[in-house]
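Could you slot chains B and C onto chain A? The hints should help.
Residue numbers (full-length UniProt numbering), protein chains in the order written: chain A, 1 to 255; chain B, 1 to 304; chain C, 1 to 313.
None of these hints come from the bench; they were simulated from the model. Backbone N, C-alpha and C fix where the C-beta goes; we use that ideal spot for every residue, glycine too. The reader is advised that the hints may include incorrect statements.
Derived coverage of chain B by chain C (criterion: at least 3 residues anywhere in the stretch with Cβ under 8 Å from a Cβ of chain C; other residues may be distant) [as the list claims (entries may be wrong)]:
no., region
1, 32-38
2, 197-206
3, 257-263
4, 283-289
Taking lysine-lysine and the DSSO-like style, the derived pairs with C-alpha atoms no more than 30 Å apart in a straight line are [as the list claims (entries may be wrong)]:
no., chain 1, residue 1, chain 2, residue 2
5, C, 13, C, 204
6, C, 260, B, 234
7, C, 202, C, 224
8, C, 204, C, 63
9, B, 123, C, 13
10, C, 260, B, 123
11, C, 123, C, 168
12, C, 168, B, 204
13, C, 260, C, 13
14, C, 63, C, 202
15, C, 224, B, 234
16, C, 102, C, 63
17, A, 251, B, 123
18, C, 204, C, 224
Listed below, chain by chain, are the residues.
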Amino acid sequence: MTLLAVERIKLLTTRSPWWCALVALVVTAGFTALVVGNADEEFPATVASTQFGYSFGLAVIMVLAALAVTTEYRFGTIRTTFQAVPNRAAALLAKTTVIAVLSLIIGEITAFVCWGISLLLQPGADLALNSTADWINVAGVGVVYAVASVIAVAVGILVRHSAGAISLLLIYNLAVESLIQLIPSIGDDIYKWLPFNVANKFLTGAGESNAGRMAEAGAPLSSSPLSPGWALAYFAAFAAVLLTIAITTAKRRDA
Amino acid sequence: MIEATGLTKRYGPTLAVDDLSFSVSAGRVTGFLGPNGAGKSTTMRMMLGLDRPTAGDVRIGNRHYDELDHPLRTVGALLEAGWVHPNRSARNHLRWIARSNDIPDRRVDEVLGLVGLTSVAGKRAGGYSLGMQQRLGIAGALLGDPEVLLFDEPVNGLDPEGIHWIRELMHTLAGEGRTVFVSSHLLSEMAQTAQDLVVIGRGKLIYQGTTDDFVASATARTVRVRSPQLPELKQALTRREVSFDESDGALTVSGMDSDAVGELAFAAGVTLHELAPQRGSLEQAFMQLTGEAVEFHTGEPTPD
Amino acid sequence: MIEAQGLTKRYGKTLAVDDLTFSVTPGRVTGFLGPNGAGKSTTMRMILGLDNPTSGQVRIGGKRYSELHHPLRTVGALLDAKWVHPNRSARAHLTWMARSNKLPLRRVDEVLDLVGLSSVAGKRAGGFSLGMSQRLGIAGALLGDPEVLLFDEPVNGLDPEGILWIRKFMHRLADEGRTVFVSSHLLSEMALTASELVVIGKGKLISQSSTEEFVARATDSTVKVRSPQLEALREALERASAQVEPAEDGLVVSGMDSAKIGEIAMQQGAVLHELSPQRGSLEQAFMQITGDSVEYHADLEAEARDVLAPTAP
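Isolated chain A (complex conformation) (with noise of 0.2 Å):
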């Protein structure tokens, strides 16, 4: 507990986190006001139209994980950090836990405040969440930026530069999977297995959330062949591979 108490302090004692937290909130729920103030009878609003900005989002969140590590290495806070903590394990493993929460719960913000905004902007739509499946589409969505922040962490941790680190993330995110697709016969086949499309599955399922909207109209849809508890499980596991490998690097590496 004194661990977590430790990061919580670091954490929430600089503006950026508090920036980070902002502008994730303000560019998903302006593109979700676009989106859905933009429905109409041809694309009618759906909870997962109310989710379209998520990726945005989750955009921002992997930014605060990364600098929230690699800050501390810019400035050396890390050493007094390893000085105060030796137990280097358990000190990266309070960060990242620390930064997941938060990631957890800026992501439920967001997502309901999206769904909300929704709900203002299209009042005579179907956005009730009734489904399991329109459950797991909003409130999935900190699970998720959770686990990216993971990601992001672990990036951090091994790139230790934030430059660096954040480029990775950005442009693994926005660029790497979908370019994969490319690659003749077997990009597809790859691209099934790539975190962040998985993740997307977890969120989207095979589209019982968008009901009553063509699929390519809406977020377009997963192709991993997972089932969404599977999918979250698999995204899951791919953090804390990564997660296990940077702690290792780090407890070996002389800081």
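Below, chains B and C without anything else, positioned relative to chain A:
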């Protein structure tokens, strides 16, 4: 009590620290000296478990750093004052450190008062002057009321009052029976601060012992003598085959201590106006003994 | 020769420098001392024409800095070693400075050699250690072979060899008849370097004198005496109205110089084992004299004892 045994650190082909064994005792201020690149920082980082020795080990009170339960309550360190997030306030910086070792929050305010930062404790540390950052670093070192203190260039950026203050603080800490280990390049300052010395060069131990012995072993002891009867005194010295130099109406006698020079003058009926044993400076001794170990003499410095 | 007359600088409501008058003479190293916030940097910046005085003036060899034709040929300065573009090489940095004052380019290599940076002259300055940056700054100061040199904390970041080197270097510059003006917080170092002192506090001149006078004025000079006939000698000294205090293995005598003590010892038939005049340190003198002009003054030692009493669990 700090004990290094066969401590070695290799970075690729370079041996930064090479089979270093020494001990730092409690109740004294021990200076840690060496030219640039001698391996002082690496050694201090290994003491704190930040760098891993390639071979050998260093123990604090007979335990490895990472075996310490609440390490900050045993070892306080100021390695680099800049290790603070610039947007975090001094108080918040100390709060998280305190929390990590179950140190009560009121201790944060105590140490802030101790280093004279109370009035600016809520301001962001990035706006601090070098001297204030240094004081914040010292506050962090004192937080856990530790038995062992490590300071790397503690007077950096401090003004004369600050320098005087930290020297007194180190003496106070050692006087309370704590182990105080300080590295510095400022030999004239260390001569006033450190009772013991650990001197290294090129990663190897050059000297361990008291400051007085270090200076005495490397510099000639002489006696400065002034007298209204200088010719008689010179005769007496020459008869005893004692060598001396003369300048500005004073003699510098070498190879005879001041007691003996006094006796000799008295026997010769010579009145003395001055009879002062001269000691070499720590700087002279250091230059003498580390001469060969200096990696880059002026004329060929390279980046650290 | 540097001459400041009624030099004053006001920032809003604060008087950073307040009617400062002093002169720095050639052929000696003059130390510039003062607590933090005393106005040393502002004064140095005004000497170099970087800041404009609110009133008063400072002249170098009779001219204002802005009137100097090729200023780097008259005044060389090292104010902050970090005033170098990190991606420019040491040689490129010195080359543009040389060009700005029409100095021959071979001078660049001369000064690089002088400070020992020849082998790394082509490397980017951003990768230099603090000590190397400091040497580069010194090279820049020497570029124009100037009559007047200003150094602000020159030993910052240097190792013992570098510190010794720069001290000897400043002595050499002064011996060549140049004016050398150095500010520093390291009093034990300045005691070895400076033969003259300009001391300021809260922007005002506190003292200008030789280092010896400064120390003698503020500290008691005493004489340490050891003798096998200590008791007899002690009585004789007290009869001659000297103040005598016992020390670890002898006496500390004040109010009488060592020559007089030596005469008395001879009259008494006392053998002397030691007769050393003791001088106060520059630090003691500085603390004594600047005592009330320090910006914030805390009785930190006393407090140290209180707080360090076992408190934390």
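Evaluation of the provided hints:
| no. | hint | result |
| --- | --- | --- |
| 1 | 32-38 | holds (count 3) |
| 2 | 197-206 | violated (count 0) |
| 3 | 257-263 | holds (count 4) |
| 4 | 283-289 | holds (count 3) |
| 5 | C/13 - C/204 | holds (16 Å) |
| 6 | C/260 - B/234 | holds (21 Å) |
| 7 | C/202 - C/224 | violated (37 Å) |
| 8 | C/204 - C/63 | holds (23 Å) |
| 9 | B/123 - C/13 | holds (22 Å) |
| 10 | C/260 - B/123 | violated (59 Å) |
| 11 | C/123 - C/168 | holds (27 Å) |
| 12 | C/168 - B/204 | holds (28 Å) |
| 13 | C/260 - C/13 | violated (55 Å) |
| 14 | C/63 - C/202 | holds (27 Å) |
| 15 | C/224 - B/234 | holds (24 Å) |
| 16 | C/102 - C/63 | holds (20 Å) |
| 17 | A/251 - B/123 | violated (34 Å) |
| 18 | C/204 - C/224 | violated (37 Å) |
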